[in-house]
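Asker: Residue strings, one per chain:
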Amino acid sequence: MTEIPKEEFILKCTSACAGCPSTLILRYVLKAAGADTVLVVPACCTSVIQGIYPNTAVNVPVYNVAFAAAAACASGMSEAFQKAGKKTNVIVYAGDGGTVDIGIQALSGAFERETDFLYICYDNEAYGNTGMQRSGSTPIGARTTTTPGGKVHAKKDLDAIVAAHNPSYLATACAAYPQDLFKKVQKALTLRGSKFIHVLAPCPPGWRFSSEMTVEMGKLAVRSGLWILYESEFGKVTINGPSKAAMIKPIPIEDYLSVQGRFKGIDRKAIDALKSQAEQRAKHLQKEAEGIC
Amino acid sequence: MLTIATGNKAVAAAVKEVKPYVIAAYPITPQTEIVEQIAEYVTSGELDSRYIPVESEHSAMAACIGASITGARTFTATSSHGLLYMHEMVNWAAGARLPIVMANVNRAIGPGWNVWAEHTDAFQERDTGWLQVYVSTVQEAYDTTLMAFRIAEHADVILPVMVNLDGFLLSHSMQSLDTLNAGDFVPPLHLPHAIDVLNPAGYGTLTGPDEHFRFRWEIEKAMRRSRKVIAETERDFAERFGRSYGVAEEYRYEDADVVVIAMGTLGKEAEVAVDLLRNEGVNAGSLRIRWLRPFPDLDLSGREVVVIDRDYSFGFGGIIAQSLMARQRVDLYSVIAGLGGQEVTYDDIAGFVRERRPGTELWFGVNGNV
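Sequences listed follow chains A and B, in order. By this note's numbering, the letter at position 212 of the first sequence is numbered 212, and the numbering carries on one by one without gaps. By this note's numbering, the letter at position 211 of the second sequence is numbered 211, and the numbering carries on one by one without gaps.
Hints listed in this document are in silico derivations from the structure and should not be mistaken for laboratory results. Nothing here was measured: the structure is a model prediction, and the numbers come from that model. Quick reminder that beta carbons are idealized off the backbone N, C-alpha and C, glycines included. Careful: at least some of the hints might be erroneous.
Claimed, not checked - Per label pair, the in silico range of CB-to-CB distance:
| no. | chain 1 | residue 1 | chain 2 | residue 2 | range |
| --- | --- | --- | --- | --- | --- |
| 1 | A | Lys6 | B | His190 | 57 to 65 angstroms |
| 2 | B | Gly365 | A | Pro148 | 26 to 34 angstroms |
| 3 | A | Glu290 | B | Glu36 | 58 to 66 angstroms |
| 4 | A | Leu191 | B | Asp48 | 25 to 33 angstroms |
| 5 | B | Ser301 | A | Thr146 | 54 to 62 angstroms |
Unchecked claim - Anything over 10 angstroms on all C-beta distances counts as not near chain B; from chain A, calculated:
| no. | residue |
| --- | --- |
| 6 | Lys31 |
| 7 | Val38 |
| 8 | Val65 |
| 9 | Ala70 |
| 10 | Ser224 |
| 11 | Val237 |
| 12 | Gly261 |
| 13 | Ala278 |
| 14 | Gln286 |
| 15 | Ile292 |
Based on the sequences and whatever the hints tell you, model everything.
Answerer: What follows is the structure in C-alpha cells.
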C-alpha cells in the first residue's frame, strides 16, 4: 500500500454536499502535491466548496478565476514562478464544464505551449454547481435539467483531445480509487511540461443516488468498463489494475445505470450506444497499451 | 537615445525598459507590431521576460492575471475586438487589484471589418476599474507607458492601467523618440496580496453582498487616490527627464473664449486648428484629455466648448461631451468625428469652431446638425 500523508489540506468546514466526490478527490490531490502548491479553480462546484470569504476550507493558496480562463491563468502563474526561481506546483482543478466546454480553448493553448502545470478535470458529467445541466461530458441517455428526456449526444472524448496535444502525462482516475489517484498525481508532478488527469466524480445529487454510495458508484463505473483507469506517460499507455480485470470480465453496464436516477427510463438504443462506446474505447486502449497503434 | 520610431515601437521600447517578468501576447491589427517587437527583444536576449504566445486575448489577460498575482510585473497589448474579447478578464484584473499594464491601440469595432482609429473600443471598458490614458505622439506613448507601470504599481493605487494610442495614426506613424535610461523611476513591484504558499489564502472566493460592496468602494478609493499619484509621477518624470503632459494638456487655453476638447491624435490636430483660428482673430484654445479614468476635473466655466468625440454611445451621445455636461453646466457643441478612421484635418476642426452651434450635435460628414 502506498503511504499516504496524514496531513490534511482540506479542512473540516467545506460547504460540499454529503458524499461529494470533488472534495474527496481534491483531498488526495493535495496530499500528493503538498504545501508548495497553488490551485487555480475556474467556476465549478469547488468555487463554492471552499467556503465563503473571508473563510476558506483549503489550506493551500487557491486562485479562483473566470470560467474559461483556468488554463491560461495557470500558464501565467507557472511562467512567473519559473522566472522567480520557484518550484511551486501549479494545479488547475476544474469541473467538466470548465474543461470540455467553455475552457477547452485555453486548455488547448496551454498544452500546445507545453505549460509546466498539472490540469485535473473532475468530471461529474454535468454542470453541477448550477443544478445539473448537460455538459459536453454528459453521457448519452442521462437526464439533466436541460435534457429532461435524456441526452441524445455522446460524451465528448476529452482524453483523445488532450492526447492529441502529446502531453508529458495523461491519466484517468476515479474518486473510488484514491490510492491510484494519489500515485498518479505524485507521478505527474515529477514530470515537466503539461500533465493531465481526468477523474470521474460520481455526484450523489446530480446522478441521483444515495450519498453513501459515491465510492460504490465509482467502482461500478470502472467494473462495467464505462470508465477505464489508465495512464499515458510520454504517449506510452498502461491500463491500470482494476480496469484490466474489468476488461477481462466486465459487469453488465445495466448494474451501473440502474442504480442512478439520471438514467431512469433510458431506452435500449442509448444503452447499446453506451455499451458500444465502452467496448470501442477498451479495444482502442488495449491496442495502444500493446503498442499496436 | 534619440531615434525614430512608430507609436507601437515606442510602447515596446518602454516595456523593455521596465522589464516585466511575464508578457502575454496575441496579435491583432494595428497592435501586432508591439508584440512582434517584444518577441524580438526576448529572442535576442535584450529583454529577459517570459513571453507567453497565448491563443486568444481572453487568455492573454488571464495569463497576465495568473502571473501578476504571484507579484510579477506583467504587460500585454491588444486592440478593438481583442479588447472586447478579453472584456471579462479586463474586469477581473481590476477586481483582483492587479497592476497589469496594457497598451490598447484604438480601433473601430465591426461589423464591417474596419482596422482604423476609433475610441469606442476602450470606452467600452471605461467602467471596469482600469485607469485609462490616451496619448497623441510617439514620445508621449513611450513616456506614458513608463509612467503607467509606476502609477499602476504604486501602493496607493494597485490597479491596472491601459495606455491608448490611435490605430495607424499613431501606432504606425514614425516620429522622433528619445528613449531613456529610466533608472529607478519605476521601482520594483511589491504586490501586498501576492500569493504566498507559506501563508495560504483564498483569492476570489464566494463573496457576500456586504464584502462585495466594500471591495467596490476600495476600487473607487484607489481610483480617487490615483489622481495624486498621477500628478506626483508626472512631476518626478518632468524633473528627471524634462517632459510633462498633465491630466489634460492645455494649448493656448488660459485666455481662450472657445475651447476645443479632444483626445489622442485629434487633440494634437486641434492645436494646429487653434493657431489657425487665432490668426483669424478667434480667441480659441484646446484641451486634450489624457486620462479618461480617473476622469479629470476640468473647469470650463465661462467658455464655449466644442467637444470632438471619436466614439459614440448609441441613444446617449458623444461620451466625452455627455460626461462633461453631466459634471458641469457648459455651453457645448458636440461633434462626432473620426469614427472608423475618418480623416479629420485641422481645417475641419477649425470649421467645427467657426460653425459651432452650441446645444446641438454634429455627425461630421454624415449629417448636418441634429
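Asker: If a hint holds in the structure, say so; if it doesn't, say that too.
Answerer: Hint by hint, here is what the structure shows:
{"no.": "1", "hint": "Lys6(A) / His190(B): 57 to 65 angstroms", "in the structure": "37 angstroms, violated"}
{"no.": "2", "hint": "Gly365(B) / Pro148(A): 26 to 34 angstroms", "in the structure": "56 angstroms, violated"}
{"no.": "3", "hint": "Glu290(A) / Glu36(B): 58 to 66 angstroms", "in the structure": "47 angstroms, violated"}
{"no.": "4", "hint": "Leu191(A) / Asp48(B): 25 to 33 angstroms", "in the structure": "26 angstroms, holds"}
{"no.": "5", "hint": "Ser301(B) / Thr146(A): 54 to 62 angstroms", "in the structure": "58 angstroms, holds"}
{"no.": "6", "hint": "Lys31", "in the structure": "15 angstroms, holds"}
{"no.": "7", "hint": "Val38", "in the structure": "6 angstroms, violated"}
{"no.": "8", "hint": "Val65", "in the structure": "7 angstroms, violated"}
{"no.": "9", "hint": "Ala70", "in the structure": "8 angstroms, violated"}
{"no.": "10", "hint": "Ser224", "in the structure": "36 angstroms, holds"}
{"no.": "11", "hint": "Val237", "in the structure": "27 angstroms, holds"}
{"no.": "12", "hint": "Gly261", "in the structure": "28 angstroms, holds"}
{"no.": "13", "hint": "Ala278", "in the structure": "33 angstroms, holds"}
{"no.": "14", "hint": "Gln286", "in the structure": "34 angstroms, holds"}
{"no.": "15", "hint": "Ile292", "in the structure": "33 angstroms, holds"}
In summary, the structure is inconsistent with hints 1, 2, 3, 7, 8, 9 from the numbered list given earlier, while agreeing with the others.
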